[in-house]
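Using the hints, position chain B against chain A.
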Amino acid sequence: MPTLDQARALGLTESEFSLICEKLERGPNEVELAVFSLLWSEHCAYKHSKKLLGELPTTGERMALGPGENAGAVTIGDGMVVAFKVESHNHPSAVEPFQGAATGVGGILRDIFAIGARPIAILDSLRFGEPASSARSRYLLDHAVGGIGHYGNSIGVPTVGGELYFEGPYEQNCLVNAMAVGLARKDGLIRSAATGVGNVVVLFGASTGRDGIGGASVLASAELDEADASKRPSVQVGDPFAEKKLLECSLELLDRGLLVALQDLGAAGLSSSSAEMASKGEVGLDLDMSLVPLREADMAPFEIMVSESQERMLCVVEPAQVDDVLEVCAKWEVHGTAIGVVTDTRRLRVLVGDEVVGDMPVQALVDDCPLYDLKSNIDKRPIYPRPPRVLGSTDPQEILLALLACPNIASRRPLFEQYDCLVQSRTVRRPEQADAAVLALPDGSAIAVALDGSGRRVACSPYTGTVEAVLECAANLACVGATPLGLTNCLNFGNPEKPGVAWQLEESVRGLAHACKGLGVPVVGGNVSLYNESGGGPIYPTPVVGMVGELKSAERAGRMGFSREGDSVGFVGPFRPFMAGSELAKLRGDELTLGLAPVDIAARRETIEAVRDAVRTEKLSSAHDVAEGGFLVCVAECCLAGGLGAVLDLGEIYEDELERVLFGESPGAGFVVSGSAEALERVGRLVPCDVFGTVGGSVLDVTSGTVRIEVGLDELREAHGALAVLFP
Amino acid sequence: MNFGVIRFPGSCDEVDAVLACERVPGASAQLLWHGDRHLHGVDAVVVPGGFSYGDYLRVGAIARFSPVMESVIEFSREGGLVLGICNGFQVLCEAGLLPGALLPNVELRFICRQVNLEVVRATSPFTTDCEAGDILSIPVKHTTGRYYAPPDVLQSLDAHGQIVLKYAHDGNPNGSSNDIAGVRNEVGNVFGLMPHPEHAVDELSGSTDGLKIFTSMAHADA
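Sequence lines, in order, name chains A and B. Counting in the numbering used here, the first sequence runs without a single skipped number right up to 728 at its last residue. Counting in the numbering used here, the second sequence runs without a single skipped number right up to 950 at its last residue.
Only chain B is shown next, with the shape it has when bound in the complex:
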């Protein structure tokens, strides 16, 4: 499994994502430059956290038009696995690869906190190493992380099993609709979440629960 992690100007967690991918047994990871359309034959794409293009205009709004994203959109249509973390989730929503949008947190402040996530769907290629109902301890850190979709879209997400992760134990940190922390597209090969699984891959940081997202992707690809 060779992961490609996109680097936009303003990306912050791209190296962290590379380090997390490299913890998956047998996997490798490389950075993909935003201005380069070529995906260099990677098996899966990670759109990382940070503040792509300074988050100017609106979070994710500029990154979505970058040359590399044209190829990522193409890659996803061909069934390639695409994971969007935090700013990456915002970019994927802006690109129309995922339903819904991310709005400013209810308290309008940046929040950095370890949260508990409930695995709603263990059948997605991003959560096969989990069981439904598992609780994952993973941090969030964002200002614009309130997941929003109109009621009919929320209903459809539920009906199609697209809600993959929810904030558990009344711990919704940002006011997201229905406590949604992560959703996938209808096909199932594109997944976005606000929490940062790449920051929960090492015992030293207090949790390794986030690694399951990356190992699941590797297993799905095998």
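Just chain A, same shape as in the assembly:
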């Protein structure tokens, strides 16, 4: 019988161990303890966040599948749905960035096709330490990008967008979040509930090995320490070719109506997938470990149950269909093996032949893990170190060039060129062509997707920073003319058992709930990644939000770049920027402020919708939301994306206001747009719109009173290309 010490070593507390003994009415054996330790881990049970997440709005007219399934989905036209989800793979990526990031992509793709949707896009959200000063951060990024590309490119799903920021607090804890988007017929969706006593449980895909044993508890649910290298065997190894076959095989099985239920094997492998399928279907399962195809002959039953070998799926099949299912598996050259049956016992029984080696109530595994209240308290002391001062200049032209060249703003081209953004022939807007990626659908409409989050601003104010992230994501969709249909999120935070982090988490979720309600966008699902901290302290609190929106016409998708000489340039929005939390404040080495200016969600929604409508009706030639670096950086990006200069006259601005106006930030509150004078005037009738210049030439020429900024496109481009130097 395992002891309390062994339970502790697997991450369980003393009271959790007693509760397990109580539920089993005896002490757990080795298999049972292993299964419980994974299902009761933070990663699987959300024991520190579940109570909070109840605040999020999860209903709406367009919801097709909400939280709780492998992925959420919203309806679009023509009987179709779009499925999407974002998930973290932070700790594996910190230990082994290439495989960690690759299997993160593989895992989120399986979530999408597990509900019967064909994956059509990948986005990724990445956070690393400062690249200029940290060789390790450059190494992590380089390999994480390599891993994402390796998996996405090889499996034939385009990587169409994402975001990347560098900040000191991610030095020890990088973040790698991957979002996948899929397309399905609404009547082709499948659930994961195992039903039908006597039905057969079939495991298909790769064989089971010792990789990733204990990943969910060992890596995902505890802080990393110096001995990270010793955890390397807990990182899974991905094989996109195996997953490509698994994907096609799964979709063919569903197409032919051969399955009762389908579930992917992710964190905690067979343990969690089987327990969750049984729990949702209110049934029991008997699984025979001696039937599981193995990579290594001498694996113990507990190892088979907890293995996180990649590229595997579990399905429930009526007995009469088993032969057909195995035949489809053989066609795609994946193992297909009947390993168990559905029972009416509501117990998960683990067998080796006839011998029972584990016998647990399903409800205890899935529903009875204790949930914890957060003990939160605002940390009045600064948690985060001051960023180093790297810019002293007060000359606006020098500041503009320094911002364009700083790692958080410089062009991501050297990285996104490593991703296939075109396969599947839907991509209408690629990276740097617009604020959101646009994917055309067969009926001439399109969907737009974007992923956003700013840890530094959330660190200043978890509530306001999170509201801004949601608004910015909606603003990005508006720039291509899309209306948001649903939101997914990944909440990346430090150790929630520390009151300061708990407070960040509570405030952030409150902001997420308010912003979603304010925009009328439901949350279709998400993921929580806690314990992102190490000796160097916690990461910046980093909620990442992904949105899917719809456009009626793919042809009318908006662009970021100025596109027509002679167009008027205008500024739309109730924009009142501040230096707090801005990129310039960071370059100046300013301490993070506690608090950000309050946000009027309703007013910003009005602006976002006015811009969206103007883009949709083709009245605007370009639209780009003002984000990191502020207004002038935004204009420069419009110039670079379109290969055209602009002449702007901002009028007289008080000297002590100039920096705030040009470089202050207020995400999701303002847009730089271009179009005919009449088009801008029409927008101005609905929301504030100031016209102050003209598109043309090959110079960005800005005048404000006696201040003059004059930079050629070549010089802007050179500054913006700074990342290429760091990643040769």
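These are calculated hints, taken from the structure and not from any lab test. Some clues are possibly wrong.
Said to hold, decoys possible - Derived DEER-like restraints, expressed as beta-carbon distance ranges:
1. A:A724 to B:L785: 26 to 36 Å
2. A:L658 to B:N906: 49 to 59 Å
3. A:G68 to B:L831: 21 to 31 Å
4. B:D898 to A:F727: 36 to 46 Å
5. A:G595 to B:L759: 52 to 62 Å
6. A:R136 to B:R841: 25 to 35 Å
7. A:S676 to B:R841: 29 to 39 Å
8. A:E318 to B:A789: 34 to 44 Å
9. A:R576 to B:N906: 54 to 64 Å
Nothing here was measured: the structure is a model prediction, and the numbers come from that model. Cβ atoms here follow ideal geometry from the backbone N, Cα and C, with glycine treated the same way.
Just chain B now, kept in the frame of chain A:
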């Protein structure tokens, strides 16, 4: 014109190739399964992009031995038109249907980029809808796309007019010898290129230049 597009396990751009073929007026397209020797009476074969058999061992090295490829080799000997795109180009080189080989890009990274291609030969059955000197905007996306052939082979390719497409405007993305982007066999009925013409057939994607490759094939067949 009925195009047959091969589907290997690990093919990624086969459906894109079918969609591109179907844009040719009057043409149809169907998938051909790698394990099936029968070509089902198609008029031309497209070996598509992707990672056939996971690109294990060496790119294209396993696909070249698949049952369907035996028939494609036979089909090409009888004069049938065979187009290899990206991984398909690699497979055709491995199969010995095209000269040369594809090596890892000079920068050893995957690269996805819209490039300009110069039409060197407009007389091949794959480029009759172009003029020599035309510039085509078509994307590349590959890790192993550096065209290589020994100097004497390069010379012979040039002499026999087998170099069909070159990367233009100093835009060689992968270090290919002599900026070569696409070559044909000596007879002229087999053509391989690293860029993806099937991803430049729709105004929505920014270019329709790639469609000319497919319409040329249809015209050659007529």
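We went through each hint and held it up to the structure:
1. A:A724 to B:L785: 26 to 36 Å: 33 Å, holds
2. A:L658 to B:N906: 49 to 59 Å: Because 54 Å falls inside the window, the suggested range holds.
3. A:G68 to B:L831: 21 to 31 Å: 49 Å, violated
4. B:D898 to A:F727: 36 to 46 Å: 22 Å, violated
5. A:G595 to B:L759: 52 to 62 Å: Once the Cβ atoms are compared, 59 Å apart, the range 52 to 62 Å for L759 (chain B) and G595 (chain A) holds.
6. A:R136 to B:R841: 25 to 35 Å: 29 Å, holds
7. A:S676 to B:R841: 29 to 39 Å: Distance hint for S676 (chain A), R841 (chain B) holds at roughly 33 Å.
8. A:E318 to B:A789: 34 to 44 Å: At roughly 41 Å between Cβ atoms, A789 (chain B) and E318 (chain A) fall inside 34 to 44 Å, so the hint holds.
9. A:R576 to B:N906: 54 to 64 Å: Holds, at about 58 Å.
Of the numbered hints given earlier, the model fails hints 3 and 4; all others are met.
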